[in-house]
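Asker: Below are the chains, spelled out letter by letter.
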Amino acid sequence: MGLSVRFLVRRALYAVLTFFIALLMIFIIPRLIAVSPVEIIAASQQLPPSVIKLLTAQFGLDKPLYIQFLLYIKNVVFTFPPNLGFSYEYYPQSVWSMLVISLPWTLFLVGSSVAVSAFVGTMAGLYAGMNRGKALDKLLTYTSMATQSMPYFWIAIMFQIILAVVLRLFPIGGAISITDTSPVMSLEYIQDVLYHAMLPMITIVVATTPVYAIIMRNTLADIIREDYMVAGEAKGLRKSRLYYKYGLRNGILPIVSLIAVHFGYVVGGALLVEIVFSYPGVGTLLFNAILSHDYPMIQGVFYILGITVIGANFIADLIYSYIDPRIRYS
Amino acid sequence: MATTIADIRGLSVTFPSKKGTVRAVDAVDLSIEEGSIFGIAGESGCGKTTIGLSLLGMIREPGSVEGTIAVNGKDVTSLRGEERRLFRWKEVSMVFQGAMNSLNPVSSVGEQITEVIIDHTGGTRKEAMNRAADLLRKVRLPSDILRRYPHQLSGGQKQRVVIAMAIALSPKLIIADEPTTALDVVSQEHILRLLKEVVKASGSTVVIISHDLSLIADMCDRLAVMYLGRIVESGRAQDVLSSPAHPYTRALIDSNITLDKRGKKVESIPGYPPSPINLPSNCRFSGRCPFATNECFDSEPPASTLEDGRVVYCYHPRHGNEGK
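Chains as they are written, first to last, in this note's numbering: chain A, 1 to 330; chain B, 1 to 324.
Calculated directly from the structure, the hints in this document are not laboratory data. Only true hints are included.
In silico DSBU-like links for lysine-lysine, alpha-carbon gap of 35 Å or less:
id, chain 1, residue 1, chain 2, residue 2
1, B, K200, A, K239
2, A, K239, B, K196
3, B, K74, B, K172
4, A, K74, A, K63
5, A, K239, B, K18
6, B, K74, A, K134
7, B, K138, B, K196
8, B, K172, A, K239
9, A, K138, A, K245
10, B, K18, A, K134
11, B, K19, A, K134
12, A, K245, B, K172
13, B, K126, A, K245
14, B, K74, B, K200
15, A, K245, B, K200
16, B, K18, A, K138
17, B, K19, A, K239
18, A, K239, B, K126
19, B, K196, A, K245
20, B, K90, B, K74
21, A, K239, B, K74
22, A, K245, B, K90
23, A, K239, A, K138
24, B, K196, B, K126
25, B, K90, A, K134
26, A, K239, B, K138
27, A, K134, A, K245
28, B, K138, A, K245
29, B, K172, B, K138
30, B, K90, A, K239
31, B, K18, A, K245
32, B, K19, A, K138
33, A, K245, B, K74
34, B, K74, B, K126
Some chain A residues flagged as far from chain B (calculated, every beta-carbon gap over 10 Å):
id, residue
35, V38
36, P64
37, S94
38, I162
39, I298
Glycine included, every Cβ here is placed at the ideal spot set by N, Cα and C.
Construct the entire structure; sequences and hints are all you get.
Answerer: Here you go:
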């Protein structure tokens with residue numbers, strides 16, 4: 001395979017550095033808010049100065065900022081499970097324990113939707129791009145224009161009204177209906193989960209598939225004019241080879257980046273969809289945390305978001321180098 | 001009597017554009033004898049490459065082709081689908097202009113040579129690999145090149161790979177479109193010698209498309225000079241180049257930079273060719289021709305055949321040769 005070790009090391013270092021910068025920002029931003037958590041507690045409960053001092057010391061807020069940061073790093077990086085503090089809202093639940101419950105739901109929802117839209121979108125874009133100006137190409141251009149002008153949450157609400165409220169094909173919201181039983185991997189449980197996930201999934205797929213298709217199609221518009229494509233056609237290669245080894249292989253790099261970006265939407269993009277369908281994922285968790293000023297929770301979600309985005313980009317880099325020999329050997 | 005391998009009659013290739021229809025090739029007749037090396041010369045945009053692509057049935061939509069092209073008895077313009085796919089490369093292959101970019105950057109050299117063999121002959125990968133190694137030997141490349149990717153090769157190596165690919169299916173006709181433009185002078189020399197040798201060994205007919213007359217003089221038996229989509233003069237390369245009959249051929253020779261012209265002024269052709277949209281109905285070179293008379297501006301000159309069998313489209317053939 002001859003994968004360049006230098007390339008790998010460089011990308012890994014870059015990912016680690018980005019992660020630390022992300023941590024620094026997650027650490028600093030709440031501290032930019034002039035009010036400290038101790039003051040909030042003190043204001044509501046009329047505490048004597050000695051208690052305030054004690055609380056400040058207990059929170060570690062009397063220490064210099066860089067010590068606080070080092071402590072933060074120690075807690076979130078060098079402790080397992082990461083000590084992300086306690087949720088204000090759901091005290092005494094720790095932020096980590098809440099995330100561990102929500103994260104699988106979001107990963108399942110976004111992961112499967114992105115997989116479907118990346119595959120379907122890329123294939124549609126490939127066929128449209130290789131047959132420019134034909135029926136499929138035109139259909140694709142118009143539908144993508146239509147779906148891209150509709151906001152995510154609006155599509156979600158429309159599906160909810162039509163498919164759930166009017167036609168009663170799917171549940172209005174939630175992730176499971178059998179809450180009392182423990183999540184054993186029974187067939188019924190899986191059916192129930194899929195049944196509930198269907199509408200949010202369809203929403204994400206409808207909203208993101210055209211993005212993949214259009215990117216693939218437009219990348220091909222440039223590639224199809226390249227000398228090697230003309231040469232490939234002149235060589236009388238089979239259509240499948242021309243499509244996959246010439247078109248797809250050369251045009252897929254932007255798609256790989258897009259998948260990495262969409263994994264960043266684990267929280268961002270799915271947020272609105274999760275809220276509309278009351279899906280118990282990270283998006284809903286973040287939304288509630290913002291409403292209730294649950295700062296440790298917000299920080300915890302961003303921490304997870306940071307890891308996901310950086311991780312996804314690192315994997316994208318690896319896939320890049322696998323696909324493109326020019327990157328692999330540089 | 002040599003047989004004709006490729007016969008082009010009344011070929012016109014047009015492309016629609018926003019400003020009007022572009023006639024890249026206009027009413028061209030050509031016939032190429034089997035086993036010969038045929039040159040097509042002319043400046044950029046005169047339609048040389050378009051003729052090459054037409055021979056492969058490679059004029060893409062929205063371009064359209066009129067006239068007939070017969071290669072090895074097959075009517076290229078009527079080929080469609082699978083029949084056309086199998087015709088390409090098996091009957092006519094091409095060494096593309098800018099070999100640098102005509103290799104797929106994400107596939108290894110081995111893959112790119114074997115894929116064409118497999119897609120045409122349906123053999124196994126192993127057989128194709130052996131054949132590919134064989135082909136590399138013919139173009140004097142070591143077989144470990146098979147595992148390399150295009151970006152790891154030098155310009156000369158890529159050009160050799162492209163030539164190996166062109167002879168992979170032993171086609172009847174090989175079109176070499178500016179086979180040496182992107183190479184340094186030393187590699188140019190090597191590649192040309194190699195091309196000549198390989199072609200001789202395979203018995204294929206070759207069409208060399210180039211703006212470089214010294215290259216054509218070196219390689220070709222016969223030659224057609226093109227100007228703005230039309231052939232202006234064609235005949236034996238030696239005759240045409242030693243005593244050009246068309247003023248454009250003369251001008252093209254004078255503008256060529258060669259060592260034996262050291263110290264002499266290189267003549268450039270004054271003016272620019274007219275636009276290929278709304279072509280004039282007079283002699284296309286009249287606006288730039290120093291010998292043009294009224295009839296040149298009025299109507300298009302018919303073909304006239306000179307005593308050496310050469311065909312020239314000019315009212316005043318051989319004019320201006322005196323004293324040169």
